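J.: Residues per chain are reported as follows:
Number of protein chains: 4
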Amino acid sequence: MKRVKVAIVGASGYSGEELLRLLQHHPGVEITCITSRQYAGERIGKVFPRFAESQLVFSAPDAGAIAAAAEVAFLALPHGLATEFALPLLAAGVKVVDISADFRLRDPAKYQKYYKEAHPSPAMLERAVYGLPERYRAQLAGADLVACAGCYPTSIILPTAAILAAGLASPEGITAASLSGVSGAGRKVDLPYIFPECNESVRPYAITGHRHLPEIEQELAAAAGLPEIAISFVPHLIPVNRGIHSTILLDAAPGATPDQVAAALRDAYAAEPFVRLLPKGELADTKHVTMTNFCEIGWAWDDHTGRILLSSAIDNLTKGASGQAIQCMNILCGLPETTGLLL
Amino acid sequence: MKRVKVAIVGASGYSGEELLRLLQHHPGVEITCITSRQYAGERIGKVFPRFAESQLVFSAPDAGAIAAAAEVAFLALPHGLATEFALPLLAAGVKVVDISADFRLRDPAKYQKYYKEAHPSPAMLERAVYGLPERYRAQLAGADLVACAGCYPTSIILPTAAILAAGLASPEGITAASLSGVSGAGRKVDLPYIFPECNESVRPYAITGHRHLPEIEQELAAAAGLPEIAISFVPHLIPVNRGIHSTILLDAAPGATPDQVAAALRDAYAAEPFVRLLPKGELADTKHVTMTNFCEIGWAWDDHTGRILLSSAIDNLTKGASGQAIQCMNILCGLPETTGLLL
Amino acid sequence: MKRVKVAIVGASGYSGEELLRLLQHHPGVEITCITSRQYAGERIGKVFPRFAESQLVFSAPDAGAIAAAAEVAFLALPHGLATEFALPLLAAGVKVVDISADFRLRDPAKYQKYYKEAHPSPAMLERAVYGLPERYRAQLAGADLVACAGCYPTSIILPTAAILAAGLASPEGITAASLSGVSGAGRKVDLPYIFPECNESVRPYAITGHRHLPEIEQELAAAAGLPEIAISFVPHLIPVNRGIHSTILLDAAPGATPDQVAAALRDAYAAEPFVRLLPKGELADTKHVTMTNFCEIGWAWDDHTGRILLSSAIDNLTKGASGQAIQCMNILCGLPETTGLLL
Amino acid sequence: MKRVKVAIVGASGYSGEELLRLLQHHPGVEITCITSRQYAGERIGKVFPRFAESQLVFSAPDAGAIAAAAEVAFLALPHGLATEFALPLLAAGVKVVDISADFRLRDPAKYQKYYKEAHPSPAMLERAVYGLPERYRAQLAGADLVACAGCYPTSIILPTAAILAAGLASPEGITAASLSGVSGAGRKVDLPYIFPECNESVRPYAITGHRHLPEIEQELAAAAGLPEIAISFVPHLIPVNRGIHSTILLDAAPGATPDQVAAALRDAYAAEPFVRLLPKGELADTKHVTMTNFCEIGWAWDDHTGRILLSSAIDNLTKGASGQAIQCMNILCGLPETTGLLL
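Protein chains in written order, with the working numbering: chain R, 4 to 346; chain H, 4 to 346; chain Z, 4 to 346; chain E, 4 to 346.
Please keep in mind that the hints were generated in silico from the structure rather than gathered at the bench. Keep in mind that this is a model prediction, so the values were computed, not measured. Watch out, some of these pointers could steer you wrong.
Identical copies look the same in the list; a pair holds intra-copy or inter-copy alike.
[Said to hold, decoys possible] Mimicking SDA-like on lysine to any residue, the simulated pairs with C-alpha atoms at most 25 Å apart in a straight line are:
1) 113 - 41
2) 283 - 208
3) 8 - 258
4) 5 - 273
5) 113 - 337
6) 191 - 294
7) 49 - 257
8) 8 - 84
9) 283 - 211
10) 5 - 125
11) 116 - 51
12) 116 - 43
13) 116 - 260
14) 191 - 141
15) 8 - 95
16) 5 - 346
17) 113 - 124
18) 191 - 112
19) 49 - 93
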């Protein structure tokens, strides 16, 4: 297998660590450049001791040097910085797979509303393909800029979009309660994230205006064939390292049946290599998917309220970030989609 | 202060431990009898080493002996067994404060539906007062049988009933997503509860037909002045020892305003010694209430969906079980309601 | 009971929080002043939401104001700062109970060696009484400056000193392996203490030159009647919020017997209100003592190696810091020693 | 690569799960038989949902069927049962890699002493090769019965044997303090292992007579060239899922130097694919090795006591059990030793 030369830009956070974990054993890839402003010159084992055996060395991030070294660049940068690198890389012919939220929204007005500033390059929002292979596989094949789906969005869109696309539930009144492990906050050194503040604690946060909300709504609206959808999205922080669980409640459409729900999920995902469908009445558990690229989807039909309950679990760093980015890269580069992701 | 003689029947589980923790320092109480079938004859320190200094000894449960020793009996028994003890104890003039679910439902048909058997003594369902002081204080004062509110129900009913009673939200389409620590399952020795199965895991369970559901709906219907309400209640198990958090979403009634929500909560609970109201937009966190009898209530108004979001946190073993039982007992016995509960 | 006026200086860390938790319900105390540079002007509920009901307000730390308000000042300050406050407070007649390490070492040379700077006020090292009531009760009664024993030292000194004082073990070759919860690092916002770096991790640290080492050795030497002792002290960080466990291994003295070990511990601590002695062969567990001022001590006799194994558990924030400080304060002020500490 | 046919006997515990995780992606192996008395007839996804995509089905354990299906059998059985299967399997020409403790001790008297019964087949103790490749690689190459090193023993023997073999420390007075995650107890449904009993708790156990003790001493004596060694071994249970950390203290031999320690470790392990040597003064952390087959070894020289401190970390289920078993199998079968273990 000819190896694709890849760069990891901003490799010292948890998404970067997960890219390193997976790409070091990816048979179709050669890591030719990894960058970190803070750790330039250091071997990666200095930052991530579990990679002590690797000879890889961080370099300072420089678009020219990245373009010279790589055919594909993964951007694992804080919000805002991704655009800065994506522009020159694309101009130099490098394909860009971005893990940040910079290119996920199609509507610059939504970006402005949720990020409190104008998007620096609205043209790139049009150019970017949403990096959720189960729903955008065809478009990803020819893309050069991928906006990988976020962690909460992946866990909510996958189960919900299939139901909405099949017309089995009302697009109104949808509620998603999501629970995320602390690594979802990134490698962030801040009081709310120190161990004694997180352990033996659970709390919701950002219950209005979370930046993942417009992304989720954009994709659910697309699935439902509507211009807009408004949902309730309640993220909670729980004391686990890795994993996101989402419970989504939808009002069943008049006449919809449990068999149709089963069929809709089956039709959408039975052939998907990274979606695990559970039988009716069984629910997802994060521990079944941590350290994997799987999304586990369970569901139930609630006669009591006439609602469909969807339950999904992913590893926020794998299917919710770096694994998904690699899955997209495999498609972009014409590699078998599961390459490097089934170990 | 004259001390009330109390018995703890079934004292070797986590609710029993919490009763012991609190009652040993309760200035208005003398523990005269604690029972455990399994540990009869042992000092309590044998089962709960943190009470090694106590001279209390478990005896085998016997209604006659309990009645001879105590004026009030706390029942911390598995479901079903409570009735067996409550009948003879009441007959002997002992007031009964039950922590199990045996007497919480007013409608025997609901009991039959959710417990899959006929209630052994429907008359007692009428006799029992629901043990949630913030909503049944007056009735508790003269009660001799208290059915303490359950842990999930307490966390959901307190915030939600105030909003429904004020007519600020629709009684339809209510969703409650709750997260419970593992002690909520009791001191149960079963594969799903061993450490490696719970740690680094989160999962919903019993999403249809949870036995707390009819209890929650009974009380919300009462608050709304309706014969019936159907809600979605989704409990999840998370890796903490103690604590329940509930997020409840309600559709705001036409014309309702955030100020009215603030006022409704304030009117209902500002004077309550064990309810902590947070300012608009702040959310509850279990770690603020663990080891206390407080219910912390936060809320937000979501313009985006026209919904009211309520957030509540309690310690499942204190305000969700044993602390609440003691609060009820204080009322029954004419003691100041916070006695022994503010330490 | 006449209430002693107390100040808490530096009350926004975990030791300060624990002092507040305990002192708010201490019947012999009135909190008249709490300080925090960072949170001056804020109610304590702003920093510690679990105290939202309290009217206490942080003020900026000022020795004059503290002296005007309080008879006893608890110092919960970072190392180095305590001296700055202790000097003027003592001069103004305020008794000082210090939780930091500033006054624990009697030998200024040891201070210089382990803290890499000269002690700012060697005279105060002579003046200070070591705040471990089980070993310095008489001296504490008349003290005006208390250097509370540290968390690791308390857990190691209590069991070990009794054995050494009885001559039952060699003072050479002693090994103490200690495990501490993360709150032991204080409310420190630093990468090694964020949740994903601590959870699912265990690691030793500071295995040479830990600042608690000379303190432990000073007290063990005193117990053994020797000028110096050198021990191996290995602290580890484990993913719990609260609790320290220490396992100490000593070579049994020639002729020493298990019965003598039992007797030595019994003679030293059977009458102590905050020491729990376990029977031979039973070992301490942190969960038996968290949120209490107890030190649980277990032990075993290892025929295989001729060693005595001691096992001790404390809550690092209670008996290891704030509870101990209050116990010392009770002695200083002539209050019953357990006042406010048995709840 | 021709694939070796392997069986996993007793595959429904945590060691079995870890064997399945690793062997399903091992390019030199075909899993032809997996057994479980309890789950015979079920697909492995039923027991381990993370393997839901696998077609493997548990069969009832039967030596004849195993021998018909496999060239190598991994035994992940409770103590005692391994012998029952090993005898007929060996007789049928199947190579046996045992993860239990049945064949680890060379001396039947030691077995009798620590297991309280006579060994059922002392001849097999002679036949078995100790499954610690870093120290028995040559013997393993020709073995047909491997007694894989235990989890605690691996973590202690690897660092300590190198130091003793080089004569750099006294074989007397060695102390090993070890901390193990709860999966080390197996998938055991017992009160001490339920979540609320383990979380926020740390405790030593089995401090005299642990069954791993004679195994550790046997190998350390061999390394030191002595007939016997007696050490202090103190295992603790800590609230993590996976990982063992051991801190070992040894009295430096007269004249030994830090440089010699560094050299001894380097000579022993620099070329080892699964040993990670840290620089002097750096210490091992379990989170660097979880889910890998690595043993991380750190060390320090303590001038204060004249002791050498060794620090090691492994994943108890990988290098401490199933990964090690596969490493041994690779050697037995002439496969590159790291095959399937570097992912």
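J.: Indicate, hint by hint, whether the structure satisfies it.
T.: A quick look at each hint next to the structure:
1. 113 - 41: neither (32 Å within a copy, 37 Å between copies)
2. 283 - 208: So residue 283 and residue 208 pass the 25 Å test across copies only (13 Å; inside, 31 Å).
3. 8 - 258: neither (52 Å within a copy, 52 Å between copies)
4. 5 - 273: neither (30 Å within a copy, 32 Å between copies)
5. 113 - 337: neither (33 Å within a copy, 59 Å between copies)
6. 191 - 294: For residue 191 and residue 294, both the intra-copy (21 Å) and inter-copy (24 Å) Cα distances are at most 25 Å.
7. 49 - 257: neither (58 Å within a copy, 34 Å between copies)
8. 8 - 84: within (22 Å within a copy, 51 Å between copies)
9. 283 - 211: between (32 Å within a copy, 12 Å between copies)
10. 5 - 125: Neither, since 35 Å and 55 Å both go past 25 Å.
11. 116 - 51: neither (37 Å within a copy, 33 Å between copies)
12. 116 - 43: The answer is neither: 35 Å in one copy and 35 Å across copies each exceed 25 Å.
13. 116 - 260: Close across copies (23 Å), not inside one copy (38 Å); limit 25 Å.
14. 191 - 141: neither (36 Å within a copy, 48 Å between copies)
15. 8 - 95: Result: close within a single copy only, 14 Å intra versus 50 Å inter.
16. 5 - 346: both (20 Å within a copy, 20 Å between copies)
17. 113 - 124: Intra 14 Å, inter 59 Å, cutoff 25 Å: intra-copy only.
18. 191 - 112: For residue 191 and residue 112, neither the intra-copy (28 Å) nor the inter-copy (40 Å) Cα distance is at most 25 Å.
19. 49 - 93: Neither. Shortest intra-copy (31 Å) and inter-copy (47 Å) distances fail the 25 Å Cα cut-off.
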